[in-house]
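Enquirer: Here is what each chain is made of, one letter per residue.
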Amino acid sequence: MVNKKPKLAVFKMSSCDGCQLSLLDAEDELLDVLAGVDMAYFPEASSRMMHGPYDIGLVEGSITTPRNVEEIRQIRKECKALIAIGACATAGGIQALRNWKDTREFTKIVYASPEYISTLDRSMPISAFVHVDYELRGCPINKYQLIEVLNAFLNRRKPNIPSYSVCIDCKLKGNVCVMVAHNQMCLGPVTHSGCNALCPSYNRGCFGCYGPMDSPNTSTLASQFRQMGYGKFDIMNIFRNYNCYAEAFRKESEANEK
Amino acid sequence: MKNKTIKVDYLARVEGEGALYLKIKNDEVADVQLQIFEPPRFFEAFLRGRPYYEAPDITARICGICPVAYQMSAVHAMENAFGAVIPNEIRELRRLLYCGEWIESHTLHLYMLHAPDFLGYDDVVHMAKDHPEVVKKALRLKKIGNDIMNMVGGREIHPINVKVGGFYKVPTRNELMKMYDDICWARDAAIDTAKFAASLEFPEFFQDYECVSVVHPDEYPFNEGRIMSTKGIDISPEQYDFHFREEHVEHSHALHSRIRERDNYLVGPIARYNLNYDKLTPLCKEIASEIGLGKEVYNPFKSIVVRGIETLYSCEEALRIIDSYRMPDSPSVEIEPSEATGYACTEAPRGMIYHRYRVNSEGLIEDAKIVPPTSQNQKTIESDLRNFLPTVINLTEKEMVWKCEQAVRNYDPCISCATHFLTLHIERE
Chain A
-17 MVNKKPKLAV
-7 FKMSSCDGCQ
3 LSLLDAEDEL
13 LDVLAGVDMA
23 YFPEASSRMM
33 HGPYDIGLVE
43 GSITTPRNVE
53 EIRQIRKECK
63 ALIAIGACAT
73 AGGIQALRNW
83 KDTREFTKIV
93 YASPEYISTL
103 DRSMPISAFV
113 HVDYELRGCP
123 INKYQLIEVL
133 NAFLNRRKPN
143 IPSYSVCIDC
153 KLKGNVCVMV
163 AHNQMCLGPV
173 THSGCNALCP
183 SYNRGCFGCY
193 GPMDSPNTST
203 LASQFRQMGY
213 GKFDIMNIFR
223 NYNCYAEAFR
233 KESEANEK
Chain B
57 MKNKTIKVDY
67 LARVEGEGAL
77 YLKIKNDEVA
87 DVQLQIFEPP
97 RFFEAFLRGR
107 PYYEAPDITA
117 RICGICPVAY
127 QMSAVHAMEN
137 AFGAVIPNEI
147 RELRRLLYCG
157 EWIESHTLHL
167 YMLHAPDFLG
177 YDDVVHMAKD
187 HPEVVKKALR
197 LKKIGNDIMN
207 MVGGREIHPI
217 NVKVGGFYKV
227 PTRNELMKMY
237 DDICWARDAA
247 IDTAKFAASL
257 EFPEFFQDYE
267 CVSVVHPDEY
277 PFNEGRIMST
287 KGIDISPEQY
297 DFHFREEHVE
307 HSHALHSRIR
317 ERDNYLVGPI
327 ARYNLNYDKL
337 TPLCKEIASE
347 IGLGKEVYNP
357 FKSIVVRGIE
367 TLYSCEEALR
377 IIDSYRMPDS
387 PSVEIEPSEA
397 TGYACTEAPR
407 GMIYHRYRVN
417 SEGLIEDAKI
427 VPPTSQNQKT
437 IESDLRNFLP
447 TVINLTEKEM
457 VWKCEQAVRN
467 YDPCISCATH
477 FLTLHIERE
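Chains as they are written, first to last, in our numbering: chain A, -17 to 240; chain B, 57 to 485.
Isolated chain A (complex conformation):
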C-alpha cells in the first residue's frame, strides 16, 4: 500500500474550467501535490488518460445535458471518493439561471439549427444525481482549500474548512462594514467563508460566490436591505447569481420575485 500512489482524476461537466485551473494556479505547491499522487486522469493538463478505478475524483461543473448525466453516473462508479468542486458542481452555477426560464419560451427563440443541440431544461449540482463525498464551495474555489481537502482525503481525515460566514472573516480583518458605512447590499452575513472577505476588503458588498453558510438567516438580511432602501428586484438579483440554485439563496430570491 505504501508503494502505490493514490490515483487522482479530474473531471469536467458544464463549467468555465476555472476550478480545475485553481490546481494549476497553486504554483508553489503544484509539483509537491502532484508528486504525492498518480495523476491518472486530468485531460486539461495531461495527454495521459488512465482508466479507472480512481482513489479520488474531483469534479467541476454542473449537470446540464443527457451526456453529463451518463458521465457522472459512470464517474461515481469509478471513484472511491468523489469531491465536487466549485459553485457549478455544488449548486448548479450561474448557468442555473435557466432554471427559472419558461422552457417553452426558450424553444420559441429562433435559432439557426436548434436540432443540433441537446440539453436538459435545468442546470443541477452533482449531488442531484449521485452521492458526493465532499463539496468544496466557491466561484471560483480557493486553491488553498482545495489542497487542504486533497490532503485530508489522502490522509483519511476530515477537511478543516470553516463553515461560518464571510462576515466573521471580515470582522477578523478589521474591515469597515460596507453595509453600515456605505449603505451597500452585502451577502457577507449569510455567505459561506472561503474568500477571506475579499469584496468588502475592496469596498464592495459580498455577492455570495461561496454560497449559503450553514443555517443562514436570509430573510432578516433581506429585510435589512429593504430598510436600507433597496427594492425587491435588487434583492432578488443579489441572491440569484453564481449560487442561485443553492436552496437558501433560491428561496430568498423567489420570495423577492414580483
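Since the hints were derived computationally from the structure, they do not count as laboratory data.
Even glycine gets a Cβ: it sits at the ideal position worked out from N, Cα and C.
Each hint should be verified, as a subset may be incorrect.
Unchecked claim - Label pairs and their calculated CB-CB ranges:
hint, chain 1, residue 1, chain 2, residue 2, range
1, A, G34, B, T452, 47 to 55 Å
2, A, N199, B, D87, 53 to 61 Å
3, A, E52, B, C240, 21 to 29 Å
4, B, D186, A, E130, 46 to 54 Å
5, A, E130, B, D178, 40 to 48 Å
6, A, H113, B, H307, 31 to 39 Å
7, A, A134, B, D238, 27 to 35 Å
As the list claims (entries may be wrong) - Straight line, CA to CA, 20 Å or less: simulated EDC-like cross-link-like pairs of lysine to aspartate or glutamate:
hint, chain 1, residue 1, chain 2, residue 2
8, B, K193, A, E11
9, B, K185, A, D20
10, A, K155, B, E231
11, B, K192, A, E117
12, A, K240, B, E422
Keeping the supplied structure of chain A fixed, place chain B upon it in accordance with the hints.
Expert: Only chain B this time, still in chain A's reference frame:
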C-alpha cells in the same frame, strides 16, 4: 494507409471539451472536424434582464482562464454605450491587469500545455522530471502574472475589482512597487522563455492567413483600437457585425466565424504580431530578431514563440505602467445609464473578443452578443489540419495523431469560451 478514419475522443491539454475527427480516403484528406461537445451554457440568453453593471462579473464566468478579457470587453462596451470618459490613470491600471492575464495565460499554455508536444511528454509533471529548472522558472513566471491580477483585480480567477467606470479600489504606488523586483525577474525569464520556445523544432508549414486584430495608434493592443486585417479591413468595433458573421454547423456547439466577403481568418498572438510588430518595445524587437522570428509569422506552429515575445512585452509594459503610476483621484467615474447599444473589442490572450450590449432606459440588458476568439479561429484550425495532414500522412497513426493534436494546440483553444451562447433546444428527461 489508403482509407482511414481517426477519432481523438477527448482532446487533452486544451481548456474545455473537444474532439478531433479526421477522415482519409485513398491517401487524401476527405474530412476534418474539430468537434466541440462542451455543453452550451447560454450566457447571452440569461444576461437579458440583468442590470448593466453585472455584465463584467457574469461574463467573467464564461472562462476561468481569461476572465479579464471578458471583464474588460464588458466594461468597454458599456462605457461605449453610455459615452463615459475614462481617465488615463484608470486606463493604465486596466492595461496592467491585462498584462497579468497575458503573462499567466501565455505561460500556462506555452510551458504546461504546448511545450510537452514539442518535447514528447504527456504533461508538465513528466517534463519536470527531465527539465526541473525550466518548469520551476515557468511556475514562478506564471505566478507573477497571477500576482499582478491579485493586486489589481483582487483574485486571479474571476477578479472582483473591475466595474463599469473603473475599479472598486485602486492600489497605492507602494503596493504596486512591491511587485517591481519580481516583474524585473519576470522580464528576464520571459527573454529566456522566448529563446526556449524558439529552440524547439518546427515543421515547415506556412498558411496565407487573413490576420485580424485590434490595432491602436500608439500601443500594442489590449483594450482599445480599430479592428484591422492584413487584407484590408479597417473598421471600428461598431461595424463588426457588418463584416463578420457566424455559422452554426452540426459537429460543434460553438459557432464558426467568417469574414462576410471572404472566408475564415486568424486571431491571436500571430495575428496581433503581424499587424502590430512596430508597436513592440525595442527589447522585444531585439529578442525577436535574435531568435530569427522576423516581422511576420505565417507558420502556426511558431505561435508558441510569439507567445514568448508577448509575455516579454507584457512584463515590460507592466514595468512601464508601475514606473509612471499616479493613483487616480477616484477609483471610478460616475456612470449614467441610458437606452443605448455599446460595442467593444479587446485582445484576450487567445485573440480578439467582441461584446455588444443593448441596454434599456432602466439600465437593464435587453440583448447581448459575445464572440470569443476560439469560435473565430475554429474554421482556420480545421483548414490548417486539412492542409497539414498530407504532410504527416505517412507517419504511424500514433505520430500522426500527436502532430495533429499539436496543430490544434497552436491555437491555445479555449473551448469553454467558444461554447456559451447557443440558444436553447429543450430535451426533457
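Enquirer: Determine for every hint whether it applies to the structure shown.
Expert: How the hints compare with the structure:
A C-beta distance of roughly 28 Å is found between A:G34 and B:T452, which places it outside the suggested range of 47 to 55 Å. Separated by about 59 Å at the C-beta atoms, A:N199 and B:D87 satisfy the suggested range of 53 to 61 Å. Our hint of 21 to 29 Å for A:E52 and B:C240 is violated, since their Cβ atoms are close to 51 Å apart. Here the CB-CB span from B:D186 to A:E130 is close to 31 Å, at odds with the stated 46 to 54 Å.
Restraint check, A:E130 to B:D178: a C-beta distance of roughly 27 Å breaks the suggested window 40 to 48 Å. Roughly 35 Å separates the CB atoms of A:H113 and B:H307, a value that falls within the hinted 31 to 39 Å. Hint check: A:A134 to B:D238, Cβ distance near 32 Å, so the stated range 27 to 35 Å holds. A C-alpha spacing of about 14 Å is found between B:K193 and A:E11, which places the hinted pair at or below 20 Å, so the restraint holds.
For the hint pairing B:K185 with A:D20, the CA-to-CA distance comes to about 14 Å; that is within 20 Å, so the pair holds. At roughly 18 Å between alpha-carbon atoms, A:K155 and B:E231 fall within 20 Å of each other, so this suggested pair holds. With a C-alpha separation of about 31 Å, the suggested pairing of B:K192 with A:E117 is violated against the 20 Å cut-off. Distance restraint check for A:K240 and B:E422: the Cα-Cα separation of roughly 19 Å lies within the 20 Å cut-off, and the hinted pair is therefore satisfied.
Comparing the model with each numbered hint stated earlier shows that hints 1, 3, 4, 5, 11 do not hold.
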